[in-house]
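Sequences listed follow chains A and B, in order. Take the first sequence: its position 67, counted from the start at 1, is 67 in my numbering, and no numbers get skipped. Take the second sequence: its position 4, counted from the start at 1, is 4 in my numbering, and no numbers get skipped.
Just so you know, these hints were derived from the structure itself, not from any lab. Don't take each hint at face value.
[Stated by the list, open to error] Distance windows between CB atoms, simulated:
#, chain 1, residue 1, chain 2, residue 2, range
1, B, 16, A, 85, 26 to 32 Å
2, A, 85, B, 156, 57 to 63 Å
3, B, 99, A, 187, 49 to 55 Å
4, A, 59, B, 47, 35 to 41 Å
5, A, 85, B, 155, 57 to 63 Å
6, B, 68, A, 162, 24 to 30 Å
7, B, 10, A, 153, 37 to 43 Å
8, A, 190, B, 16, 20 to 26 Å
9, B, 161, A, 10, 27 to 33 Å
10, B, 99, A, 11, 21 to 27 Å
11, B, 158, A, 142, 54 to 60 Å
12, B, 158, A, 14, 24 to 30 Å
13, B, 155, A, 23, 39 to 45 Å
[Unchecked claim] Some chain A residues flagged as far from chain B (calculated, every beta-carbon gap over 12 Å):
#, residue
14, 6
15, 30
16, 34
17, 40
18, 48
19, 62
20, 73
21, 102
22, 128
23, 129
24, 166
25, 194
We put the beta carbon where it would ideally sit given N, CA and C, even for glycine.
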Amino acid sequence: MNAPFFKFGAFGDETSLIVACVIGIAFGWFLERAGFGSAKKLVSQFYLNDLAVFKVMFTAIVTAMLGVFYLGWMGVLDLNLLYLTDTNLWPQLVGGLVLGVGFVVGGYCPGTSLVAIATGKIDAIFFVAGVLFGVLAIGEAFPLVRGFYESGNFGRLTLPEVFHLSYGMVVFLVVLMALGGFMLAEWAERHFGPANEEA
Amino acid sequence: MMRPTEWTMNRVLAVTALALGALAMAGQPLRGHVVTLDTQELAAIVSADVDHVRPSDLADAIVRGASDYRLIDLRDEAAFAQYHIPSAENVPLTRLPDAGLGRNEKIVLYADGGVHTAQAWMLLRAQGYQGVTTLFGGLDAWKNDVVFPMTPTNPTPAQAAQFDRALHVAQFFGGHGRTATAAGDAPLVMTPPATPTATSAGPAAPKGAPVAKKKKEGC
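With the sequences and hints as input, model every part of the structure.
Structure below.
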C-alpha cells in the first residue's frame, strides 16, 4: 500500500480525524517531554542560554525530511500528493514576525501553549485566550486585509525549484545546516548559559 | 566535558544524519509523469463492471442532491456551455492532471461517447485515483435514458411504474418521454441548465446537486 494513505483512500474522513487526534496527542506529549510546556524554557532560547527548542525542532525537521525523502525514493510515499501551502511572501514575512514577537512576549507558540494548558499553566490559558481573540479579530477584519493576505503569491514553491538544485542536494545542505546549527547552539549554551544554575 | 574520541548518542545521530544526507544526493524521490500500472488490477475492475455508473443512477444522485462525488465533463468549453449535466465541472482532458481532483474522491467522468472518457479514466487510474468511474454510454446515453426516456410499448405494470418514475426524472432535467415512432421525427434538443453550476435552489429547476466542496488542508 502506498502513502499518503488518506489521499490514496485507505481510510475516510472519520478515520483520518482519529489518526490526526492520535498524532496530535503524541506530538503534544513529545513537546511536553522536551520541556516545552514551560515558558521559561521556551523563552530562554532568545537569550541564547538554552537552545533546546532549536535543537529539538531542527532534529524533528531533519528526521522528517530524511524519512520523507527516503520513503519517496523507495516508492512508498508519493511526494506529489503532499500538501504544500502557497508561498505568499509578504504576509508570511509579517505573520512570522508577529508570531515571533508574540513568542518572546507571551512565552509560548500556539502548539506549546496548549501543551502548557494541559500541564496546568495559568499563563498559558491567558495566552490561548489571546490567540483565540486574535483569530476572531483577524477573521472579522478579513475583508480589510484580504488584499495583503493574498499578496506576493509565488504558488507552491519548493527549495529545489528556487535554488535550481536537485532534491537530494537540498536535503544534504539542510542536514549540514542543522549540524552546523547544533554545534553553534552548543557553543552558545556554553558561553551564555547559566552554568549549572538550573537543572 | 566529553572527550573528542567519545562516541556519544549525539555524535552517532549526527554522523547517521550526515551519511543519509550525503546518500540523498544520489536519490530521486519524485516520480514525475512515469507511473507503474497493475494491468491485472485494471482488467479486474473493468470486467467486474465497477468502473462505470449508469445514467439513471447518476440522475438519481443529482435529484437526491448527493454531493459526495465530482462530476467531470471532459468536452471542450464550447460544448460544455451548450449543454452539460447539472452539477458538472468542465475539465478538458489536457487539464485533467492539474484539475485539483482528490485521489480519495468519487469522480464520475463523461464526454459525448466513451473513448475520451475511457482514456481519461485510464490516465487517472494510472495516477492512483481510486474512486474514478465513467458515465456508461456518455452524454448520448444520458440523453436517451434520462432526459428523453423511451415510452415502452405494451408495458407490464412494473414497466409502466418504472417509466412513470423515469418521466418524473426526465422532467426534472427539462426533458420528456418519447415514443419509438416519434424518435426520428423531431430532433431532441437538451436545454442547458439555467445556471452553469447547481447552486440555486429553484424547486422546478433541473439542478439538485450542490457543487462538491473543495477540501482545504493545512496546519
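Tell me, in ascending order, the numbers of any earlier hints that this structure violates. 4, 6, 9, 12, 13, 14, 19, 20 and 24
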